[in-house]
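Chains as they are written, first to last, in my numbering: chain A, 1 to 114; chain B, 1001 to 1111.
Please keep in mind that the hints were generated in silico from the structure rather than gathered at the bench. A virtual CB, placed ideally from N, CA and C, is assigned to each residue, including glycine. Mixed in with the good hints, there may be bad ones.
[To be verified] Beta-carbon label-pair distances, calculated as ranges:
hint, chain 1, residue 1, chain 2, residue 2, range
1, A, Ala14, B, Gly1003, 39 to 47 Å
2, B, Arg1107, A, Val83, 20 to 28 Å
3, B, Gln1054, A, Asp54, 33 to 41 Å
4, A, Ala96, B, Phe1069, 23 to 31 Å
5, A, Asn55, B, Gly1062, 22 to 30 Å
6, A, Gln71, B, Gly1062, 38 to 46 Å
7, A, Lys69, B, Gly1003, 44 to 52 Å
[Stated by the list, open to error] In the DSS-like style, the derived pairs of lysine-lysine whose C-alpha atoms are separated by at most 30 Å in a straight line are:
hint, chain 1, residue 1, chain 2, residue 2
8, A, Lys58, A, Lys22
9, B, Lys1013, A, Lys49
10, A, Lys49, A, Lys77
11, B, Lys1057, B, Lys1013
12, A, Lys22, B, Lys1057
13, A, Lys22, A, Lys49
14, A, Lys69, B, Lys1057
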Amino acid sequence: AQSVAQPEDQVNVAEGNPLTVKCTYSVSGNPYLFWYVQYPNRGLQFLLKYITGDNLVKGSYGFEAEFNKSQTSFHLKKPSALVSDSALYFCAVRDANTGNQFYFGTGTSLTVIP
Amino acid sequence: KAGVTQTPRYLIKTRGQQVTLSCSPISGHRSVSWYQQTPGQGLQFLFEYFSETQRNKGNFPGRFSGRQFSNSRSEMNVSTLELGDSALYLCASSRSTYEQYFGPGTRLTVT
């Protein structure tokens, strides 16, 4: 069973507008959730994580994500998109039921249009 | 603190050959994971090592193997290379259940 789903392969947003990249998960128990960003020909860079506590998590480069347990979602958000935010975004979950293995979503390509 | 390093960064091999990729984790990180990234399949988990023991393994054939040394450095080996093995191979290190930190990857091209 897929542990992480990113329903959108591609998201386009105008510069200055708010952006949302969606992620849902399906592990049982308390999930550890993460967002990563990948620029062309680079490895993944850690953006933010939810382990416990406040459902709104703030991360690098002005990004934030909201953990919603009832909807099993962890959407990535930013109030005002920059052209430099254009990249590939991955959602990931650590599943304690499988030895804390990481599961990554298929990625969402974000394009910010000037 | 130095990040995760991977060598070599680029590699070209021919079918049937074997290849060894190396990964040096962030100091203090005992867990090292390997991933294969391709445009069609996304990020696929290969295996994870923790304190020299394989802790998790993905669904890859036995041609893919790895190991971890006492200093936490890890190597990944692919034998009898196939064209479909062309990919970006990413290594990531972490402390226990915390976030993973990725290296820049090794771009393997099989001709």
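Structure-based check of each hint:
For Ala14 (chain A) and Gly1003 (chain B), the Cβ-Cβ distance of about 33 Å falls outside the hinted range of 39 to 47 Å, so the restraint is violated. Taking 20 to 28 Å as the suggested C-beta distance range, the pair Arg1107 (chain B) and Val83 (chain A) conforms, at roughly 26 Å. Between Gln1054 (chain B) and Asp54 (chain A), the C-beta spacing of about 36 Å keeps the proposed range 33 to 41 Å intact. Distance hint check for Ala96 (chain A) and Phe1069 (chain B): the Cβ-Cβ separation is about 27 Å, which falls inside the suggested range of 23 to 31 Å.
For the pair Asn55 (chain A) and Gly1062 (chain B), the beta carbons lie near 43 Å from each other, so the given range of 22 to 30 Å is not met. Against the hinted window of 38 to 46 Å, the Cβ-Cβ separation of Gln71 (chain A) and Gly1062 (chain B) comes to about 40 Å, which satisfies the hint. Between Lys69 (chain A) and Gly1003 (chain B) the Cβ separation comes to about 33 Å, which falls outside the hinted range of 44 to 52 Å. Taken as a hint, the Lys58 (chain A) and Lys22 (chain A) pair is honoured in the structure, with Cα atoms around 16 Å apart against an allowance of 30 Å.
The straight-line distance between the Cα atoms of Lys1013 (chain B) and Lys49 (chain A) is roughly 38 Å, outside the 30 Å bound, and the hint therefore fails. Straight-line distance between C-alpha atoms of Lys49 (chain A) and Lys77 (chain A) comes to about 13 Å, which keeps the hinted pair within the 30 Å bound. For the proposed pair Lys1057 (chain B) and Lys1013 (chain B), the alpha carbon gap of about 25 Å is at most 30 Å, so the pair holds. Distance restraint check for Lys22 (chain A) and Lys1057 (chain B): the Cα-Cα separation of roughly 27 Å lies within the 30 Å cut-off, and the hinted pair is therefore satisfied.
For the suggested pair Lys22 (chain A) and Lys49 (chain A), the alpha carbons sit about 15 Å apart, so the restraint of at most 30 Å is met. Annotation: proposed proximity of Lys69 (chain A) to Lys1057 (chain B) holds, straight-line Cα distance about 28 Å (limit 30 Å).
Figure legend: structure checked against the earlier numbered hints; hints not met, in rising order: 1, 5, 7, 9.
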